[in-house]
Amino acid sequence: MNLPASPAVSRRAARGRGRPWTPRRLWSLLGGPALFVVVALFVIYGQSGYGLYQASIVLVYCVVALGQEWLTGRAGQISLGAAAFMAIGAFVGARTAQQSWAPFPLPLLAAALAGGLVGIVIGLSSLRFRGLYLALSTLALQFFVQFAALEYQGGNQGGVVPPIPKLFGYEFSEGRPFVILMVVIVGLLLLLLRGMYSRAPGRAWAALRQSEVASAVSGVDVMRWKLAAFAGSSAVIAVGGCLFAYLTGSATYQPYTIYLTVSVLVMVFVGGTGSMVGALLGAVLVGLLPYWIQDIGNEFADNPSVYAWFSVHGATLAIAVYGLALLLVLVFEREGLYGLLRRLWLLLLRGIAFARPQRSEGDAA
Amino acid sequence: MSEAGAGPTLDRATGEKTRPPLLEVRDLSVIYPNGARGVNGVDLVVPDGAIVGILGRNGAGKSSLLRGLVGFLRSEHVTVTGSVRFRGEEIAGGAPRATYRRGLLLVPEREKVFPSLTVEDNLRLCGGVHPEGEPIYEFDALDRRRTSRAALLSGGERQMLALAMAWDQNPELLLVDELSLGLAPVAIKTLMEHLRRRTDETGTSAILVEQDANAALKVCDYIYVLNHGEVTMTAEASAVSPADIQQKYLGGGL
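From first to last, the protein sequence lines are chains A and B.
Take 3 as the starting number for the first sequence in the numbering used here and just add one per residue.
Take 225 as the starting number for the second sequence in the numbering used here and just add one per residue.
Simulated from the structure, these hints should not be mistaken for lab results.
From a predicted model like this one, the values you see are computed outputs, not experimental measurements.
C-beta: ideal position from N, C-alpha, C; glycine also.
No false leads were mixed into what you were given.
Chain B stretches covered by chain A per the calculated footprint, using a threshold of three residues with CB under 8 Å from any CB of chain A: (1) 316-324; (2) 327-334; (3) 338-345; (4) 349-363.
Make the full structure from the sequences, and use the hints.
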């Protein structure tokens with residue numbers, strides 16, 4: 003059915019342009035970016051050495067978590083393919099980076115392209131399968147990619163080593179330069195995603211997540227938007243994988259196991275589905291938890307048996323904590339850390355201004 | 225965009241009886257995987273601009289008929305046989321997307337609005353732009369609640385929103401599943417009157433699946449009564465009384 007063209011003026015008015023610049027509107031538009039810049043500056047200049055390395059890991063996880071949140075949180079599609087898409091991005095990106103014709107941002111684009119293409123293929127299966135069956139079909143990808151990566155790497159223990167990323171003669175070597183690069187990438191990604199989620203694509207994915215039947219009778223092209231979500235999300239996750247290869251200095255098959263996939267899902271669900279802030283919080287939690295556990299172990303430096311236990315079982319303990327956190331979220335706080343923080347924030351606001359009416363909805367975050 | 229002045233209404237007025245009816249269904253059956261027939265050999269005609277009511281009890285096959293027409297049963301391993309002609313063209317077996325493109329629009333019984341989106345965003349999703357402060361297709365209530373999430377709407381408001389979303393897409397044939405379900409009599413009256421007015425103004429046709437014979441007879445032009453998947457009565461709505469239908473064909477109450 004044909005939709006008659008509407009006057010551009012009314013469309014713009016309805017989208018909110020020309021509305022007065024109230025403090026609340028300014029806050030909802032600029033509050034997030036301002037907070038991001040402040041935190042980023044604090045990390046870049048307040049941290050050094052090991053702290054910067056941890057920050058790099060967290061920021062790479064942020065990219066991956068945002069990618070997974072796109073698919074799972076926005077479009078409501080289940081996928082257990084995160085580690086596989088990261089591996090694809092890592093190998094394709096690192097291999098491209100070795101070529102003389104591919105200066106720095108190009109390997110990232112190559113990774114995105116490869117991830118996006120495989121994402122579309124997996125997305126096609128989402129048109130036939132739903133829920134558990136879809137999850138299984140993405141799991142198949144995991145094992146296939148793991149096998150392919152192992153075969154590709156062969157006897158080469160060092161993996162595919164990409165050169166240090168370099169832009170206009172500036173080297174983003176490990177430490178502060180790499181963190182700056184990651185902050186810029188995550189910042190751009192956040193702006194891009196926010197722009198998308200608050201416009202027609204965001205509405206289409208929200209519709210898709212809630213009901214495919216209702217989407218179809220509301221004129222949402224179910225196939226197109228599903229594939230778009232799979233392609234976009236996989237591309238972002240693959241870029242995250244490529245950045246991971248840059249950070250660790252090589253692309254090898256070892257890190258991209260099913261545990262990594264689970265960690266990524268934990269980021270999204272424990273952080274809070276349906277919110278980008280939640281994904282970022284989840285990435286921070288999952289990125290730093292192993293170090294926190296290590297710190298606890300270090301407290302027992304004078305007790306050799308406890309210290310040894312922590313150094314042997316630290317990684318397993320982290321996974322156990324992820325599992326526990328996931329259970330707690332599912333039972334008590336579906337909106338995860340983000341939902342928890344938002345509730346505390348609202349309580350705080352109510353505490354400050356007792357008589358002020360509570361805002362109920364429409365938070366742009 | 226709200227007024228659907230452009231489009232099919234103009235040529236509809238001229239063509240009348242020489243053209244085929246808008247929708248012509250012949251011998252339609254819906255057969256479920258276990259062999260049960262939800263709909264059994266139904267013939268149905270929807271003339272241009274008319275509202276056709278389909279009455280029947282729970283399980284009479286009303287919803288199966290609607291879903292079969294727009295192709296929603298195809299993906300559920302349900303067999304739909306028979307002929308469905310829309311403007312003279314065969315559309316039986318089409319996917320939901322294909323029938324949607326032709327202008328058949330289903331308003332399902334459940335899952336018709338998106339709870340997490342605001343009223344405004346629900347409408348925008350369907351391509352509708354409505355200036356602030358003006359009723360949305362006569363519905364003042366919707367204008368007042370445009371920034372509320374649809375989850376917070378009352379049943380009546382939700383139905384209004386569903387209709388507004390449908391109008392935003394300029395359908396040629398609207399298929400409404402249980403407009404009156406769970407609503408107060410006043411709300412039913414408002415919605416039914418709205419539907420009649422709006423279809424008359426735009427020349428849209430509608431199929432109305434209903435259990436409420438009283439409400440249906442007031443707005444419909446033609447009535448089909450469905451029982452155990454078969455049409456047991458066809459009539460012009462003006463020629464029958466609600467009591468007749470209730471007594472003879474629906475067996476009095478439920």
